[in-house]
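Each protein sequence line maps, in turn, to chains A and B. With this note's numbering applied, the first sequence covers 2 to 349. With this note's numbering applied, the second sequence covers -16 to 377.
FYI, nobody ran anything at the bench for these hints, they're computed from the structure. Watch out, some of these pointers could steer you wrong.
Said to hold, decoys possible - Quick list of simulated restraints, FRET-style, between CB atoms:
| # | chain 1 | residue 1 | chain 2 | residue 2 | range |
| --- | --- | --- | --- | --- | --- |
| 1 | A | Pro49 | B | Pro118 | 28 to 36 Å |
| 2 | B | Gln(-11) | A | Glu275 | 49 to 57 Å |
| 3 | A | Ala95 | B | Arg261 | 31 to 39 Å |
| 4 | B | Ala316 | A | Arg217 | 51 to 59 Å |
| 5 | B | Gly274 | A | Arg138 | 25 to 33 Å |
| 6 | A | Gln316 | B | Gln(-11) | 42 to 50 Å |
| 7 | B | Ser22 | A | Asp314 | 55 to 63 Å |
| 8 | A | Ser282 | B | Gly291 | 49 to 57 Å |
To be verified - For lysine to aspartate or glutamate, the following EDC-like pairs were computed, each having C-alpha atoms within a straight-line distance of at most 20 Å:
| # | chain 1 | residue 1 | chain 2 | residue 2 |
| --- | --- | --- | --- | --- |
| 9 | A | Lys271 | A | Asp218 |
| 10 | B | Lys271 | A | Asp218 |
| 11 | A | Lys284 | B | Glu89 |
| 12 | B | Lys271 | A | Glu114 |
Please read all numbers here as calculations on a predicted model, not as lab measurements. Here a beta-carbon is modelled for each residue, glycine too, at the ideal position from N, C-alpha and C.
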Amino acid sequence: MTSRGGPLSRVVVVEAIGPDAPDALGHAAGLCGRMAADLGATVIRLAPSGKSETGVFLHHGKRLIATTAEDFLRHVAIHGAGADALICDSGTHAHLSLGPQTIAVLIGMSLDEPLRGSELTAEARCGLLDLIGDPDRAPLRLAGHQLAYSAGLSAYLGLVAALTQRDAGRPAGPVHVDLLDVGVWLNWKALSTAARTGQSPMRPGAKAEWTIVPCRDGYVALVYRIQEWTSLKVATGDARLADPRFETVARRSQNRAELNAILADIFAGKTRAEIRTMALSHKLPLGPVWTPEELKRDPHMIERGYFQPVTVDGQVLAMPSLPVLWNGRAFPPGGFAHAAQDNRTISG
Amino acid sequence: MIPMDQCRVLDLGIITAGAATSAVLADLGAEVIKIESPSYKDPFRIWSGETFPGEHPDLPPFFRMTNRGKLNAGIDLKHPKGRDVFLRLVARSDVVVENFSRGVMERLGLDFATLKRANPNIILASISSQGEYGPDARYVSFGSTLEAMAGLAALTGYEGGAPVVSGIALNYPDQVVAMFAAGMIATAWHARGNGAGGVHLDMSQRELTSFLCGEAFLAAATPARRGNAQPGIPVQDCYRADDGQWVAVTIRAEQLGALKGLAGDDAAPALAAWVAGRTAPEAAADLKAHGIDAAQVLDGRGVLAQRGVAWTRALQQGKDSDMVKGFLFTDDARPMTPSRPAAHCGADTREVLHRVGGYSQADIDALIASAAVASYDQDAPATGTIGVEVVAAQ
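If we strip away everything but chain B, and leave its shape as in the complex, we get:
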């Protein structure tokens, strides 16, 4: 059995789904090398939130949060020599993570059969919208597309109203897939330690989203949208308090007596009127004091104020004091740290090609000169594109 700190991951992941999966593997101890083509960098470098003065435009905040803990090598996978470099790295690595549109890996000449020829034990994690095959395989999506197509949106919404998606601020399916995909890769790694060979993991985000509302598929008919209500819970909703804030309340059958004692009745309208007569913190505290589950609905600033009190591991300070994604779990026997900050495209090309690929410095110079690979030049102007290191042809 080989712990994950002896696992090397080549990360072709972009935006959230693939890139966040590899970041989770870095938390488990894997060496993660993010591979970006100088001509096609991770689009998250462009979209992911505004940079402030003094911040490099290639390293916006959402990109930094999702790509901490990784080395970065600039390799043009469309260039024949760049492809050769990548395959040499595959031969010396354990996992490849990708979430391109279906067909891209084949067009690059990097399908699973090719990767397996380079390394029979390689684990290829393909994270896609709809899976490797099927009539919708070429469908493109963001997370909320999949909420609609997978059944979750049809179940979510106010009673009698239209379906609702989590939207661009959350984009829920793109977050959960990193948890699932990392779990499946860790499983394949565990199996490899027990003698299993290479494996292609075909993971469809649409199927994952359906899986996460799986009980709805076992019902005789699609359950109606019921707002915040849940089967088996007599009273559950959010109620507006006197200060305009909302209070989330869950009252199970055994707590109806406590509600009646507080509000004079054990039905939702009485609770709504009772909450409306006090501030949200007062209402939540009073309900909790009577054994009822209640909490003020917090906005982002409110959640951040609870750090160290109610939560602690999910967001961390990186080594450069930047706020980055933290950890999904902790293990008392193996503390985790956020490791290195997110890197520029090509920041570690020379080190990766030399140490992992076994290339000489002269080989690397030649590869850079041919534009098959690129190395970040920190003195290049911050144009939003890679400052390609120019090496005179020998």
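The following block holds chain A by itself, in its conformation from the complex:
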């Protein structure tokens, strides 16, 4: 195994979510491992073979070892024995006897059902679903794997904290991360309000203080707070916003639907590029809605080198890089390893 440099270049991590564990645990462990790999760790992923766009993104730069369900625990025991850390589920961990130098990072779904549920049901249980969408329609999830990836960020934090403890000669781990707890942590504002007032904020739909409206060539997120209201009036130059019904925060809240309708009308004729220029010149937090395809051509993203070209199966892809520059240096994603190829390396 070769080291690619980076702050974790001497660290070996094994990623082993059991074949019967919920998919969300694999996504959380995958993100944690991807971060460690980008930062220089050698990351070995034990899993059934297969590939998807999510898999290419998460497992870039890792060594993949394809296992069957029958062979899984044997492989975990072999590779986990020499690792600095093992990212796994509680079911897998229960079958292992790790040495004191190997830190276990255990990812579960919830306190009461660590190996049961989906990302959607966890989002339902932690209240996130209740916050997003229209009040008369089904609660809505954020796209992708936001809760699982948030758990992955938390697992990475726990992993590095435990490594630092261990390297200082102190006991470290096991580290525990649960998707449901992470979701509650994300949802702290609504839960604080519910605890204090007995009223739970819920999805506001078209009456939202921040909403998305169509513009001339797409959509724009209308995001502003009390300190930007005057700038918004100046930037748009629309006399309707000077109406006394919108003069104060309380009055804007009372007349939100009318206000949002006026703002929608104002922005309907503007392009996203014009809205971006307005936002920059008036210090307004308006958000033109860009698609992932458009972002790959976005001048800001290009200047920062955010997308790194990687070749997968002969095809060049624009891979999002770890979103940190370290003294100005980016961490380029490593090469995507094919499971079968790595199997030969390991077995041979």
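Given chain A, put chain B in place with the hints provided.
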């Protein structure tokens, strides 16, 4: 290698992104000193939820939840002597966290080069909307601005409908950045223990939000908005029950037979009709009994009722019995506690300047008299502004 309880953090973080990052570092054992200028306090002291009678207007609930575990020193960074005080603290600290608009640190004369002259090993964590440079570097944002600009909103929404953002109640990118930034700071601290020197961490919230939907950038075309559906899962959505509540259901391919047994068919319309014929708790329990992942969609009160049953660490009772943010993880070998409650601006100025900065009490009196620093006076009227301690000029 130095564990984080030997790390001192100067927290210039405001609102959520920066302030929550430093709070997470406090959980890891770091000594966190929140620095606020008396003339520019953390805006979260003003915006962050209404205070109830008996609560100090400078300590609203969201501020308290995000700033527990920190000392607080009042230092005017625009004052030349205040800047000197800050740089002396930098020389005796390990990490500086900031999430000001780009250009503010330079205007204060506190760019990375200056901090590094004061302390070659300093770790500067710059958390910004768009990163340190680039055409959009001066863009201002809240979390949902970034959902729009980073690609996440374009992917989120009902099938055939407009993009959707998480909105002000969640403001998702402002929450996740604290997890990520704390992880990167911990990594830099770990590397410093292995001999690495000072480092400037340039972290863009927009790039993080794109990273967290990274697979969408590898697709040949932008995936369409599909509500609650997910690739590879035949049936997944929320369904309204007889009691008006919603039930979230995920049915994988191997569970379609169980659905057919329950609802008479293995397609979503049959499931919707089946859920509509019973209450949400009944539907969720019955589906789970048949091996199908299901849960009632809980509101805030419902989630709080599950504390100790389904979750336990994310929210904690602080030392003053206040509810505060809890922990992202637990480590069996190192239990964490919420530590001290959030403090008034300048509550610990004297202690910080004396113990960390090495200033004498006479020096501190003079700094207060010159308005370079401020110390909270608990007897001052609760006006919503700092009660500046007045010291007679010597």
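Hint by hint, which ones does the structure fall short of? 1, 10
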